[in-house]
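Going down the list, the protein sequences come from chains V and B.
Residue numbering for the first sequence follows our numbering, starting at 1 and increasing by one per position.
Residue numbering for the second sequence follows our numbering, starting at 1 and increasing by one per position.
Calculated from the structure, these hints are not laboratory results.
From a predicted model like this one, the values you see are computed outputs, not experimental measurements.
A portion of the hints provided could be inaccurate.
Stated by the list, open to error - Below, simulated DSS-like cross-link-like pairs (lysine-lysine); rule was C-alpha separation at most 27 Å, straight line: (1) V:Lys90 - B:Lys211; (2) B:Lys217 - B:Lys128; (3) V:Lys96 - B:Lys42; (4) B:Lys30 - B:Lys204; (5) B:Lys211 - B:Lys128; (6) B:Lys204 - B:Lys38; (7) B:Lys175 - V:Lys90; (8) B:Lys38 - B:Lys217; (9) V:Lys3 - B:Lys204; (10) B:Lys204 - V:Lys96; (11) B:Lys33 - B:Lys204; (12) V:Lys92 - B:Lys211; (13) V:Lys90 - B:Lys32; (14) V:Lys26 - B:Lys59; (15) V:Lys3 - V:Lys90; (16) V:Lys90 - B:Lys38.
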Amino acid sequence: MNKRHIIMIIAIILIVVLPLMLFQGKGEDEGYFGGADGVAADAITESGYEPWFEPLWEPPSGELESLLFATQAAIGAGIIGYFLGYYQMKRKMESK
Amino acid sequence: MHIMEGFLPWQWCLFWYVVSIPIVVYGILKIKKITENKPEAKPLLAVSGAFMFVLSSLKLPSVTGSCSHPTGNGLGAILFGPAVTAVLASIVLIFQALLLAHGGITTLGANIFSMGIIGPLAAWLIYKGSKKVGISITIAVFMAAFFGDLLTYITTAIQISLAFPLPTFGEAFSKFMVIFAYTQVPLAIAEGLLTVIIWDYILKLRPDILKDLNIIKSIPREGGK
Numbered sequence: 001m002n003k004r005h006i007i008m009i010i011a012i013i014l015i016v017v018l019p020l021m022l023f024q025g026k027g028e029d030e031g032y033f034g035g036a037d038g039v040a041a042d043a044i045t046e047s048g049y050e051p052w053f054e055p056l057w058e059p060p061s062g063e064l065e066s067l068l069f070a071t072q073a074a075i076g077a078g079i080i081g082y083f084l085g086y087y088q089m090k091r092k093m094e095s096k
Numbered sequence: 001m002h003i004m005e006g007f008l009p010w011q012w013c014l015f016w017y018v019v020s021i022p023i024v025v026y027g028i029l030k031i032k033k034i035t036e037n038k039p040e041a042k043p044l045l046a047v048s049g050a051f052m053f054v055l056s057s058l059k060l061p062s063v064t065g066s067c068s069h070p071t072g073n074g075l076g077a078i079l080f081g082p083a084v085t086a087v088l089a090s091i092v093l094i095f096q097a098l099l100l101a102h103g104g105i106t107t108l109g110a111n112i113f114s115m116g117i118i119g120p121l122a123a124w125l126i127y128k129g130s131k132k133v134g135i136s137i138t139i140a141v142f143m144a145a146f147f148g149d150l151l152t153y154i155t156t157a158i159q160i161s162l163a164f165p166l167p168t169f170g171e172a173f174s175k176f177m178v179i180f181a182y183t184q185v186p187l188a189i190a191e192g193l194l195t196v197i198i199w200d201y202i203l204k205l206r207p208d209i210l211k212d213l214n215i216i217k218s219i220p221r222e223g224g225k
């Protein structure tokens, strides 16, 4: 990791933190930080449209939903770490 | 960018399936060819899919006050082109539709079209174009990922406005653009930066594969950090 990457990561953190500071003290109850997908769905329902199909299965609670999202991220991160680590070590061994 | 289950009239669901399926099928054939002819590129295929898995699971807050997630489709598009990325996106979207109730089976075709086809197509064209013009590779990668992300959401806004042109397509479009695309701008910047970071690692570790896939012209000098 070089300096350029550290600056980039700091920039990413700022992008995420800025909205939290901007809307500090506001929460879901005031209509903040909900998903854009849901906002769009609400706008569609307002027009009187009734969805004609329900999800086959929904995570029964927010906790379980976060479990599945974390699993999704963990699978991805594991694969990326495995291959980049493999490449890195391979390179090291070959240069010896 | 997920159009939720049942939230498109069935005619549109069918339409987007018809548009997306041939491209996904072409992508599957292309993946088969890559794994047969260039087996050394297989890990990068896995990394591209995995990158999408990670990024599309991260729901981030935006300055508009709502949350959305990056797409991760830029990396796959740069490395393997839009058709292959359409296949990778399909895997992510099926996972999310079945296990997370995000998106849906009826709207899968539409969601593949935005996240798997138009976004990656934009990213791929921008990368190719920037390379031709001679822009630095870092900026090319950043721009590709940024627009891959943004175009995904603009496509979603168009798809919903086409299905619900209330009162007109134009008015619906400007409404859904605010919901999706404005929210997405800062997240697309974050996605661009993240894509550059992983790209730098791949470039540093396996420039030979990138050259072999014809993504870069020459292998950068050893010792460059």
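Cross-check of the supplied hints:
Note on lysine 90 of chain V and lysine 211 of chain B: the hinted pairing holds, with a Cα-Cα distance of about 18 Å set against a maximum of 27 Å. Distance restraint check for lysine 217 of chain B and lysine 128 of chain B: the Cα-Cα separation of roughly 12 Å lies within the 27 Å cut-off, and the hinted pair is therefore satisfied. For the proposed pair lysine 96 of chain V and lysine 42 of chain B, the alpha carbon gap of about 26 Å is at most 27 Å, so the pair holds. Taking the CA atoms of lysine 30 of chain B and lysine 204 of chain B, the gap is near 26 Å; set against the 27 Å cutoff, the hint holds.
With a C-alpha separation of about 14 Å, the suggested pair lysine 211 of chain B and lysine 128 of chain B falls inside the 27 Å cut-off, and the hint holds. Restraint check: the Cα-Cα separation between lysine 204 of chain B and lysine 38 of chain B comes to about 19 Å, which is no more than 27 Å; the hinted pair holds. Taking the CA atoms of lysine 175 of chain B and lysine 90 of chain V, the gap is about 51 Å. The hint is violated against a cut of 27 Å. Annotation: proposed proximity of lysine 38 of chain B to lysine 217 of chain B holds, straight-line Cα distance about 18 Å (limit 27 Å).
A threshold of 27 Å between alpha carbons decides the hint, and for lysine 3 of chain V with lysine 204 of chain B the separation of about 15 Å falls inside it, so the pair holds. Distance check on the hinted pair: lysine 204 of chain B and lysine 96 of chain V sit about 17 Å apart at the alpha-carbon level, within 27 Å; holds. Restraint check: the Cα-Cα separation between lysine 33 of chain B and lysine 204 of chain B comes to about 25 Å, which is no more than 27 Å; the hinted pair holds. For a cut-off of 27 Å, the pair hint linking lysine 92 of chain V to lysine 211 of chain B stands: about 20 Å separates their Cα positions.
A distance of roughly 26 Å separates the Cα atoms of lysine 90 of chain V and lysine 32 of chain B; the hinted pair therefore holds under the 27 Å criterion. Only pairs whose Cα atoms come within 27 Å are accepted, and lysine 26 of chain V paired with lysine 59 of chain B is accepted, the gap being roughly 18 Å. A distance of roughly 24 Å separates the Cα atoms of lysine 3 of chain V and lysine 90 of chain V; the hinted pair therefore holds under the 27 Å criterion. For the suggested pair lysine 90 of chain V and lysine 38 of chain B, the alpha carbons sit about 19 Å apart, so the restraint of at most 27 Å is met.
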